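> Read off the chains here:
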Amino acid sequence: MSTTLYSGHSTPIHRLNPLTKLVAMLAIIVIAFALPWWASVLLIVVVIVPAAVIAKCGRRLLWISLIMLLPILLALFAVQGLTFPGGATVVWQWEFLTVTSEGLMFALTVGSRICALVLASILLVLTTHPGTLMSSLTEHGMSPKFAYIISSTLQLVPAFKDRADSILLAQQSRGLAITGNPLRRVRLMMPLLTPLVLGMFTDVEERSTAMEARAFGSAAKRTTLVPVPDSTAQRIARWLFVVLAAAAIATPIVMGLL
Amino acid sequence: MSTSRTTETNKVRNRILIALGAIIVIATYVYIVVAQPAEIAESATSQASLIAIAGYVVGAILLAAGSIHRLPTVTLAMVPVAIALNIVVGQLVSVLNLPIYLDSIGTVLVSAIAGPAAGVVTGILTNVIWGLLLNPISLPFAVVQVVIGVMAGYAARWGFFRMWYLAPVAGLVTGVVAAVISAPIAAYIFGGATSAGTGAIVGAFQAMGQSLLGATTLQGLISDPLDKAITFTVVVIILAALPARFLQRFPFVREYNVFGKKAPVLSPSSAAAAPAAAEAAVDAAADADGTTER
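As given, the protein sequences belong to chains A and B, one line each in that order. Each residue of the first sequence is one higher than the one before, counting from 1 in my numbering. Each residue of the second sequence is one higher than the one before, counting from 1001 in my numbering.
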């Protein structure tokens, strides 16, 4: 498994400052959750899909999100259509099963919001390298400690997966069977976990000494080695996204007062 | 001494961030439980889901931002290992086809040996990275891992890791709190359907006459306490297998005597000293530890 979903094309979307994409994603999520369902659908059709096509990752976005969303959406419509607590208007009835329009409406609202949330965040991950996202956030005042933890974990996970796999194989070669009833399999966790954790923690001490020797704990402000390109247009765009999101929050409140 | 004054103001700032984050998370939950449950049914323009997602995310971020500066470098070097442990074991469990998640072993482990602040940072970043790597659906649930980190850290402080049979009790309590905190996310952001299996259980509870929030809370109460009890037990067994010399390196373990008798308390003054001095003391203490043991 590759570490992240990131696909390294060079399209205008990929070249955008990561912060612009992050703010855009957050604005999309806020707007989707503040307004009725048509807003989410509108955002997906007008913003997310064209952006994915420009970024040449429309097909990957479609597949990844289908695998993620399909089971959830099916469960959502089935469960809320049939058993929504506020359901009164019966649309369809068979034996003891009744589908209510309130339930379907609720499922539509929630489902369209989840779609906007998942599609927007997968698009961000597909088009943004985690490293550039971290350096861009650090430039804007995030603690470099967060950047260290996230980047370092992204490198560690594949290494640990290999380690876990080889421990599993090693224990199986000693006669560990990974079948049987659930209780037995819970007990099997221990011969897998103990060597994994022991091996993983042994080098933590050494690493922390090395980090301390390079002034990792210092609170002084660092300069960046590779500055992330930014532009005035993008800075304005980011503020525009914030204003749009605020407007989306305010609209229903103002409409309610009138 | 401008440097000491800046560390002092930083400390105050960190405290304010943590307090603010905790207040926002609790206020979000209280608001949703008290004000909303019935209304979401009628109006699609209801703000409940927006408040749920925004309040929890902002609260979790503030808690993490306030916590990270309290961590010494040894702890920071351990956090990526713990996050990787969360993710790798979480996936290993899904391969073994068990009916639990066990996706917070690393968070509980770090909280037990480095305190609640370390658990908070591990918890929130686990879900951020899980969202980046595998599944953005875990992102809104970051606050749940934060709560698990805090609870596990305080359980360690109060001696729940000294005896193996106390740990599952702390796990049960943590599981109940985790279920209660995560219920509004499952209800108002995902409509009760975070996966096909949980969706079916939520549907069953709704058919029995529960409200949406009630159904997701009950669904969480079925799985979370068991899962966390097992997690805490696994962590206690792992900790028993780790060398005492490694565990005693952590000031938190020494200060609160997390593992009982096998933890000789070194001079308490070194643990209470200022963070910068404490760190030097930790190194010295670890060296001293090594010589006395051999």
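FYI, nobody ran anything at the bench for these hints, they're computed from the structure. Honestly, I wouldn't trust all of these hints.
Derived lysine-lysine pairs resembling DSS-like cross-links, with alpha carbons at most 30 angstroms apart [what the hints assert, rightly or not]:
hint, chain 1, residue 1, chain 2, residue 2
1, A, Lys145, B, Lys1011
2, A, Lys221, A, Lys145
3, A, Lys161, A, Lys145
4, B, Lys1011, A, Lys221
This structure is a prediction, so every number in the text was calculated from the model and none was measured.
> Each hint should be assessed against the structure and marked as holding or not.
Each hint tested on the structure:
no., hint, verdict
1, A:Lys145 <-> B:Lys1011, "holds, 17 angstroms"
2, A:Lys221 <-> A:Lys145, "holds, 12 angstroms"
3, A:Lys161 <-> A:Lys145, "holds, 24 angstroms"
4, B:Lys1011 <-> A:Lys221, "holds, 17 angstroms"
Every hint, counting from the list given before, is met by this structure.
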